[in-house]
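Okay, so the sequence shown: first residue is 1 according to our numbering, each after it adds one.
Note that these hints are calculated values from the structure, not bench results.
We put the CB at the ideal spot given by N, CA and C, even for glycine.
Warning: the hint list may mix true and false statements.
[Claimed, not checked] What follows is a set of in silico ranges between Cβ atoms, one per label pair, in the way DEER data are often shown:
#, residue 1, residue 2, range
1, D143, Q120, 36 to 44 Å
2, Q172, R61, 32 to 40 Å
3, D99, G53, 29 to 37 Å
4, V123, D143, 21 to 29 Å
5, K128, D107, 22 to 30 Å
6, L139, V174, 14 to 22 Å
7, E52, Q74, 15 to 23 Å
8, K159, R61, 17 to 25 Å
9, E170, A118, 38 to 46 Å
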Amino acid sequence: MRIGVVVILVAVLFLLVFLFRPSAQTNGATAAELTLMITNVRGYDHSVLELEGENKGEEVRFALIACDLRVDNQTGVDLVVLSNFHSALDYFTLELLRDGEVVTAVDYINHLSPTSPAAQPFVLRQGKTRTQLRFPVRLPPKDWTSLQARLVGVFPGSKFNAAVVSNTTEIQRVDQLDETRS
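With the sequences and hints as input, model every part of the structure.
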């Protein structure tokens, strides 16, 4: 019962964040003052045996895509971001594109478990933050490595209410993901 309530609360928070995000400027901060750049994208595919659901007993394809990224906060303030998960960058979405059109989109929080029933504050410091986010993409298109990747992010609860969009970049196929970051 408690898990169901937490899942519903997270779903409502998610919908509120993504339905009501402004796209221009707010509180004097413009999107140009906070930038998002992908420095490297690589991934590999694999299959897993589904244990439940409509594909129970079948091998299902996944691609695990790692995005090395850099967020440059030039807003003049540290941003306090609210999340039920584990970082200020939880509300990012990986978009896979073909010819500029989104083929599929995966929210980073889709594979995370909430760490708290109430949103907790996380600080995105001024300056450059480099990290890596990994996205499991269930049933990706067979030609997923010919697609391009882009990230879209929001910072709920912070003074920066605009969405940020990264550059679009090619995906490199690898046999395994290492911890190297660009």
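Evaluated hints:
1. D143 to Q120: 36 to 44 Å: holds (39 Å)
2. Q172 to R61: 32 to 40 Å: Cβ of Q172 to Cβ of R61: about 18 Å, so the range 32 to 40 Å is violated.
3. D99 to G53: 29 to 37 Å: At 32 Å between Cβs, range holds.
4. V123 to D143: 21 to 29 Å: With a Cβ separation near 40 Å, V123 and D143 fall outside 21 to 29 Å, so the hint is violated.
5. K128 to D107: 22 to 30 Å: holds (24 Å)
6. L139 to V174: 14 to 22 Å: holds (20 Å)
7. E52 to Q74: 15 to 23 Å: Given range 15 to 23 Å: violated, Cβ gap about 46 Å.
8. K159 to R61: 17 to 25 Å: For R61 against K159, whose Cβ atoms are near 41 Å apart, the range 17 to 25 Å is violated.
9. E170 to A118: 38 to 46 Å: Since E170 and A118 have Cβ atoms about 40 Å apart, the given range 38 to 46 Å holds.
In summary, the numbered hints that this structure violates are 2, 4, 7 and 8.
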